[in-house]
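So the sequences go chain by chain: X and E.
The numbering of the first sequence is my numbering, which starts it at -14 and goes up by one.
The numbering of the second sequence is my numbering, which starts it at 19 and goes up by one.
In short, the hints are calculated from the structure, not lab data.
Being a predicted model, the structure only gives us computed values, none of them experimental.
All C-beta atoms, glycine included, are put in the ideal place defined by N, C-alpha and C.
One thing to keep in mind: the hints can contain errors.
In silico DSS-like links for lysine-lysine, alpha-carbon gap of 25 Å or less [to be verified]:
hint : chain 1 : residue 1 : chain 2 : residue 2
1    : E       : LYS168    : E       : LYS454
2    : E       : LYS454    : E       : LYS536
3    : X       : LYS216    : E       : LYS619
4    : E       : LYS574    : E       : LYS122
5    : E       : LYS770    : X       : LYS216
6    : E       : LYS785    : E       : LYS770
7    : E       : LYS62     : E       : LYS149
8    : X       : LYS400    : X       : LYS466
9    : E       : LYS280    : E       : LYS122
10   : X       : LYS216    : X       : LYS329
11   : X       : LYS466    : E       : LYS62
12   : E       : LYS454    : E       : LYS701
13   : X       : LYS223    : E       : LYS147
14   : E       : LYS454    : X       : LYS466
15   : X       : LYS216    : E       : LYS701
16   : E       : LYS62     : E       : LYS122
17   : E       : LYS725    : E       : LYS454
18   : X       : LYS223    : X       : LYS(-11)
FRET-style restraints, in silico, Cβ to Cβ [what the hints assert, rightly or not]:
hint : chain 1 : residue 1 : chain 2 : residue 2 : range
19   : X       : ALA161    : E       : TYR488    : 44 to 50 Å
20   : X       : ASP261    : E       : GLU523    : 44 to 50 Å
21   : E       : THR411    : X       : VAL468    : 51 to 57 Å
22   : X       : ALA437    : E       : VAL176    : 52 to 58 Å
23   : E       : GLY180    : X       : SER430    : 43 to 49 Å
24   : E       : PRO91     : X       : ALA161    : 57 to 63 Å
25   : E       : PRO771    : X       : ALA437    : 33 to 39 Å
26   : X       : GLU124    : E       : LEU317    : 42 to 48 Å
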Amino acid sequence: MEAKTIRFIRSGELVSLTNVPPDRTLLEVLREDLGCTGTKEGCGEGDCGACTVVLGEAEQGQLRFRAINSCIRLAHSIDGMALWTVEDLAAADGTLHPAQQAMVQCHGSQCGFCTPGFVMSLFGMYENHVCKGERITRELAQEELSGNLCRCTGYRPILDAAQQMAELPPMRVDEAAVLHQLDALAAERSAPRGSGYMAPRTLGELVALRAAHPDAQLVAGCTDVGLWVTKMHMQFAKVLDVTQVAELKRVERYDNHIAIGAAVTLTDAFAALVQDRPQLHTFAARFAGLPVRNSGTLGGNVANGSPIGDSMPLLIALGAHIVLMSPRGHREMPLEQFYTGYRKNLLEPDEVLAWIKVPRPCADEQLRAYKISKRYDDDISAVCLAVRLAVQDGVVQHVSIGAGGVAATPVRAAKTEVALRGQPWSLQTVQQATAALRSEFQPISDMRASSAYRREVLGNLLQRFWLESQGMQQINLENFKLVEATA
Amino acid sequence: MNAPEKFIAKSTPKPATGASHFHESARAQVAGAATYIDDIPEVKGTLHAAPILSNVAHGRLMGVDVREAESMPGVRAVILARDIPGDPILATFVHDEPIFAIDKVEFIGQVVGVVVADTVMHARRAARKVKLDIDPLPAILDPREAVRKKSFVLNPVVVRRGEPEQGIASAPHRLQGSLDVGGQEHFYLEGQVGYALPLEQGQWWIYSSTQHPGEIQHWVAHALGLPSSAVTVECRRMGGGFGGKETQSGHIAVWAALAAHKLRRPVKLRLDRDDDFMVTGKRHPFAYDWDVGFDDSGLITGLRLEMAANCGFSADLSGPVADRAVFHADNAYFLSDVEITSYRCKTNTQSHTAFRGFGGPQGMIVTEAILGDIARHLGLDPLDVRRRNLYGTTERNVTHYQMQVEDNILEPLLARLEQTSAYRERRAQIAAWNAKSPVIKRGLALTPVKFGISFTATFFNQAGALVHVYTDGSVQVNHGGTEMGQGLNTKVAQIVADELGLPFERERVRVTAADTSKVPNASATAASSGTDLNGRAAQYAARQVRERLAQFVAEKQNCKPEQVIFDHGQVSSPTAVMSWEQLVDDAYHARVQLWSDGFYKTPKIHYDKHTLTGRPFYYFSYGAACTEVAIDTLTGESRVLKVDILHDVGTSINPAIDIGQIEGGFIQGMGWLTTEQLVWNDKGYLATHAPSTYKIPATGDVPEHFKIELWPEPNREDNVGGSKAVGEPPFMLAISVWEALRDAASAARGGKPVHMLAPATAENVLKAIQA
């Protein structure tokens, strides 16, 4: 299959690659085609971060830096961007970048195999925070490095390095020069042809290409489809990438809702949700690791429809709607109605998911999203529960509950809602709702948790919601702080 | 030549050892310039292999249909057992493991053969198209079932002292219990990889990411039917080992070599991460039953302990691992009357193998659990019960395997940590806090570690090294150890720099790749012994070069050799001083040998492998950790809040590296006991076979308060630089996490006993609270 040329900027140079198959990963291109072996493969599924590289894109006249996993990113998706790998940071005279020098000085590398990935995540932090004059706190370092695994150090020296790199002599990317080069690349862009890797720039193009090529694999950030390639060995002659569609890269704010385009990364989508509902910050930061959030999209998470995808229980609780588009027009539906079975949904072969519409918070809204997983960060839920509730005059006026990990699809806990709606907001009501929630689903037992545990904890999370609604503090490890002074 | 007064007037520079020099590869690592096996530029014509895995846990292998695989794009050959020119059984100690499955399969993931193709993905795709005809047989998946059915890879071992039955029967208190502790995947970030290159005249070059190049050499030669001298194995560095590349890297190298042999082409085999999980062995899961008698103070008067190690389908290193579990069941405590029965269970899973601690953690955790239970039974503070049972210094100081504990620092070490961690105050604060906290409960535990240093197989405790001084004065060191991130090469370079009186800066001393053609017959870099053995061997090699140079100076300057001082790159006699470079140049022209070998064998040790008695260890490394946790009684979720560690590394050769080992070992141990859960389903399929489902600690798991202090005393035995081994002992400090979680669970149960499975996942913690 003929594939178009991939062109990107690396170390100030234009790199131009031809005949790259549409399903070839960026890591394969780096290591095997370009012989740049500094970037490592640790797992091939975006969970360890050894393959982290940084992409640069022009956004509103600024250069936006994103650390991503190259092992599950399709190489064609970086066409028109700037790329940095661990080999690109040091100065020509060998002077290390602060991200690198801090790692040396803090003894942040032992076996060194995860190190290139950490260095690139640190480089992303350097550009996004240090260069903007923002201090890197311990919490920020932990959040932004949670997608990088190290098996040797115990992380303390790496977290130290993250906090200390600002103290080293600065070394900055010449953003203006890179932007200039990206502009030049954009100007030379040709319209996508109907073969190989198709990355349309407009919604119209996308809809037309989808209708014309229902056999093409639709991808966004590829953080799940990438695994179909690396782990399931699937091959795609045609790929249709939604992430360059200008209309779908936007978050639009309206009075009553925000509309999140299907190409908006999880990082940006969660930022938009957190802007309206700050209590979601931790939940957002616990969604995978930063490199996955920087590549994956909220639309992809929703369209992929995994029963343990973390965004859907939240979106269901928020009353989100989705908008599907095709040459036949568009249709809108509540998210929970989209799913018809395990990884099955209502998307027609000529349709694409275009928007996710999320209502703005109302004044008396109480909202919590809970996630239970083996590991605090960068893990998939055994159970996820999101509860949105409004109480007026002591009576539950509105309630919507989304649950994950309990059925073949993300679901709405409709029976539990019935047990709550119109009832006095009291312990007794909550206990009845807890019983309803525990019996509403028949979750499976698997490597993440047993069925019995999932049911039990679902109910207990509703108890937690009740206790939090009563103003009780220090009952959730997510925000638990040791306050007492000890020696 | 400068006047000697000038030299004496100089301030004495600090020696290289004792300083926190950066890892010798750090600059290369952060720049992506450090080369791992898969980064080595490929020789033209290199092919790639991928394994064909059994999908049945136990069965007769009736046939292998390779037709579809062979017809796939890029495929060059399928290599099976029939293609092995030498012995089809791997050259392991027990000789019980086929290279490729022959007429039966014994676990899901057992390798039946490899597919060789022009690219990695072509090989991997085709490997899944090989059809195995397997007639299933009943599988044993649980060690307790294996004990019942007497399914063993090696015979049970019993170590006994005194009269445990009487000690239990006559005790005022008696408890019986059981415990199950899960295994652990190594999750070295660099997966298993080997690259086999056929050379001229029947010789071979093998690149292997391995802790034991000598074993790779032996295995490859054996499989190819060649003498060891025909095979050279090189490893510059590993991207992590942790015991997982002690034997398991051998399989990969042998498979690559067999493919290369058949095709007469270089063949590389790099396991996909999921295959790595499915194929290679892990830390042994253990199951225990115990019966203990004790007095009112918690002193153990009799203990009977049965330990069943889940060894998987073959022996591999299970014998010595299970032995070490027996040796460390005492941890820091004198067991006057004790019987330990150790079962080495054969099950239909991966063949479990070495992993940091090597049975030590599995030996210690059960005794720590028993002591925690005793304390709760008696209503005593667990720390008091632990201290009550510690080894003495003049009496109560002989282990159950008849070794006298001569270097015991347990009591002062625990006393110090108790004080620096404010254990007693926090115990009271936590109790008061828990009384008022309905959902979150906090827990605290302070546990010790005493870990025996030396390979229990005495003959492994030997090492060799080469020190080469070139005519420009630069120095190359080669030794039999391997670098896996632990900083061995950095420490060895520091030791050699000091021995030659050279400043450490500017890479005057370089350590080169482990290479079987340089130092032969080297033991695995394992058992925490890398620096003790190889550092000493390198020191001896350097010393011989220095002594030859001193002799040369003495003859020229008419003084005694011991009057020649090597310091900071200068060499001085009573009458002259010259630069190291000048001396080396002069010596070369005077035909002085500027290189030497060095050899070291650990003194004092001996051990009877039949009775498990003797002095298997040269010395003990000690440490203790005080850990505070919080648990959520609604969900079982937990967090480690505070950790204070006091650890004994003797006189540290490199404090930053040692602290790195302590922190890294602790966090890895914490993972073993909290989030790292291996789940095999009822068919024997490992369901957690990738980082998406198997969760090692991440940045968010690091406790906010994480303080390490080093015990300020040199090794009481004569060891290199006064140091102590550090690789494994800190791993077991994490038992304090598990005990703290049990303490918190007990608080949630109103002080009642706690039976908690390890790892303490949220589900297991909730179960323990509600049981």
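Against the structure, the hints:
no. : hint                             : verdict
1   : E/LYS168 to E/LYS454             : 51 Å, violated
2   : E/LYS454 to E/LYS536             : 66 Å, violated
3   : X/LYS216 to E/LYS619             : 47 Å, violated
4   : E/LYS574 to E/LYS122             : 72 Å, violated
5   : E/LYS770 to X/LYS216             : 47 Å, violated
6   : E/LYS785 to E/LYS770             : 14 Å, holds
7   : E/LYS62 to E/LYS149              : 31 Å, violated
8   : X/LYS400 to X/LYS466             : 35 Å, violated
9   : E/LYS280 to E/LYS122             : 23 Å, holds
10  : X/LYS216 to X/LYS329             : 21 Å, holds
11  : X/LYS466 to E/LYS62              : 58 Å, violated
12  : E/LYS454 to E/LYS701             : 46 Å, violated
13  : X/LYS223 to E/LYS147             : 24 Å, holds
14  : E/LYS454 to X/LYS466             : 16 Å, holds
15  : X/LYS216 to E/LYS701             : 22 Å, holds
16  : E/LYS62 to E/LYS122              : 37 Å, violated
17  : E/LYS725 to E/LYS454             : 28 Å, violated
18  : X/LYS223 to X/LYS(-11)           : 12 Å, holds
19  : X/ALA161 to E/TYR488: 44 to 50 Å : 49 Å, holds
20  : X/ASP261 to E/GLU523: 44 to 50 Å : 56 Å, violated
21  : E/THR411 to X/VAL468: 51 to 57 Å : 42 Å, violated
22  : X/ALA437 to E/VAL176: 52 to 58 Å : 39 Å, violated
23  : E/GLY180 to X/SER430: 43 to 49 Å : 45 Å, holds
24  : E/PRO91 to X/ALA161: 57 to 63 Å  : 46 Å, violated
25  : E/PRO771 to X/ALA437: 33 to 39 Å : 22 Å, violated
26  : X/GLU124 to E/LEU317: 42 to 48 Å : 46 Å, holds
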